[in-house]
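There are 2 protein chains.
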Amino acid sequence: MGRWEPDARGRLGEAALQLYVERGFEQTTVAEIAARAGVTARTFFRHFADKREVLFAGSEQLQQGLVEALESAPASATPLEAVVAALDAGAEFLGRHHAHARRRHSVIMANPELYERELIKMATLSEALAEGLRRRGVPEPDATLTAETGIVVVRVAFGTWVSRPEPTDLAATMRETLARMAAVTSGG
Amino acid sequence: MGRWEPDARGRLGEAALQLYVERGFEQTTVAEIAARAGVTARTFFRHFADKREVLFAGSEQLQQGLVEALESAPASATPLEAVVAALDAGAEFLGRHHAHARRRHSVIMANPELYERELIKMATLSEALAEGLRRRGVPEPDATLTAETGIVVVRVAFGTWVSRPEPTDLAATMRETLARMAAVTSGG
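Residue numbers (our numbering), protein chains in the order written: chain A, 1 to 188; chain B, 1 to 188.
Where hints are given, some of them may not hold.
Identical copies go unnamed one by one, so any copy, or any two together, can satisfy a pair.
Lysine to any residue pairs mimicking SDA-like chemistry, simulated, CA-CA at most 20 Å apart [claimed, not checked]:
| no. | residue 1 | residue 2 |
| --- | --- | --- |
| 1 | K121 | R103 |
| 2 | K51 | P165 |
| 3 | K121 | N111 |
| 4 | K51 | A75 |
| 5 | K121 | D169 |
| 6 | K51 | E118 |
| 7 | K51 | R136 |
| 8 | K51 | P74 |
| 9 | K51 | G187 |
| 10 | K121 | Q27 |
| 11 | K121 | A110 |
| 12 | K51 | T168 |
| 13 | K51 | Y115 |
Don't read these hints as lab results, they were simulated from the structure.
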């Protein structure tokens with residue numbers, strides 16, 4: 001990560017995504033990603049454990065952002081209100097780069113191994129939110145159920161949002177999705 | 001699966017679970033499972049693809065039972081009512097063997113690879129329920145949201161149920177969990 005490689009990480013991420021879209025994830029090698037980014041394979045491995053992790057590098061940052069937002073919600077907030085604060089933070093993080101998100105999503109959905117990785121990351125995120133709610137004093141099973149509701153809303157709203165060719169307001173889509181979730185869960 | 005191996009499949013399943021609990025999943029070999037069940041390794045592979053699949057052999061049957069129950073719900077049923085019919089079928093299937101379910105659950109929760117497999121099976125089940133709801137004319141995102149609600153309820157209720165040392169009514173636990181889900185989702 002020396003000065004002679006300005007934003008090698010960002011260029012590697014973009015090069016990887018381009019190649020995964022053009023050739024498919026399976027058919028792309030780390031050597032090809034590094035070559036397109038104009039760095040060595042060794043530099044690639046300084047930034048990412050493997051070619052799969054390029055696609056999931058933001059997961060920890062996302063989780064941290066969501067948990068912090070949950071923790072920052074006023075003490076008077078209901079569990080759902082605290083999760084909504086986390087969703088808003090998630091929308092800001094995920095909703096920044098629509099074209100990039102669309103390409104990443106298409107690569108992940110085309111590859112069962114990547115889709116499984118995504119499921120596991122979402123389960124980890126859900127557990128982190130549930131833990132955050134328990135720290136706020138929310139009992140079980142409410143903590144887990146509220147966290148799972150949040151994750152379902154993120155996944156479904158994000159899927160709707162990336163399916164649109166032009167960027168729209170992800171936070172608004174999340175609110176609409178949560179309203180539908182409340183409606184169907186109440187039998188409507 | 002000849003006459004000379006009465007219920008080899010059942011004995012293999014029980015032997016595997018015993019060994020996973022005693023020694024751990026990783027430390028158990030197919031040869032040991034076959035030996036304890038009194039059959040050859042070849043017989044093991046006639047019944048199961050690998051030692052992991054012994055634990056997930058019921059997944060397809062469970063999925064089929066849930067989807068059939070969803071399809072059999074009256075045409076007038078709301079999406080949630082159709083999913084509740086599926087949950088009742090799931091409770092009957094999952095709630096039969098409490099001691100066995102407790103041991104299986106403890107093995108799966110102790111091994112990240114098995115837990116990931118469980119997550120993937122649950123995602124597949126959720127997609128099958130969503131597809132069943134769409135066939136009933138339920139639009140998106142309601143079909144996916146209702147199916148995901150059902151799966152969250154199954155997972156959380158099942159976790160509660162297996163955590164109890166003595167068997168209780170799984171269907172009742174599912175109803176209570178769904179009621180809590182409706183309450184938290186509405187902001188309560």
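Hints and how they fare:
Taking identical chains as interchangeable, the C-alpha atoms of K121 and R103 lie at most 20 Å apart only when both belong to the same chain, with a minimum of 19 Å there against 26 Å between chains. Proximity of K51 to P165 under the C-alpha cut-off of 20 Å is found in neither arrangement, the shortest distances being 27 Å within a copy and 44 Å between copies. When the C-alpha separation of K121 and N111 is checked against a cutoff of 20 Å, the pair qualifies both within a copy, at 15 Å, and between copies, at 16 Å. For the homomeric pair K51 and A75, neither the shortest alpha-carbon distance inside one copy (42 Å) nor that between copies (48 Å) is at most 20 Å.
Taking the shortest alpha-carbon separations for K121 and D169, neither the intra-copy value of 24 Å nor the inter-copy value of 32 Å comes in at or below 20 Å. In this homomeric assembly, K51 and E118 come within 20 Å of each other (Cα to Cα) only inside a single copy, at 14 Å, whereas the closest approach across copies is 25 Å. For a Cα distance limit of 20 Å, the shortest separation of K51 from R136 qualifies neither inside one copy, at 38 Å, nor across copies, at 41 Å. For a Cα distance limit of 20 Å, the shortest separation of K51 from P74 qualifies neither inside one copy, at 40 Å, nor across copies, at 49 Å.
Within a single copy, K51 and G187 get their C-alpha atoms no closer than 44 Å, and across copies no closer than 41 Å, so neither meets the 20 Å cut-off. Within a single copy, K121 and Q27 get their C-alpha atoms no closer than 24 Å, and across copies no closer than 27 Å, so neither meets the 20 Å cut-off. For the homomeric pair K121 and A110, the shortest alpha-carbon distances inside one copy (17 Å) and between copies (18 Å) are both at most 20 Å. For the identical chains of this complex, K51 and T168 are neighbours neither inside a copy (30 Å) nor across copies (47 Å), given an alpha-carbon limit of 20 Å.
With identical chains, the CA atoms of K51 and Y115 are at most 20 Å apart within one copy only, with a shortest distance of 14 Å there and 23 Å across copies.
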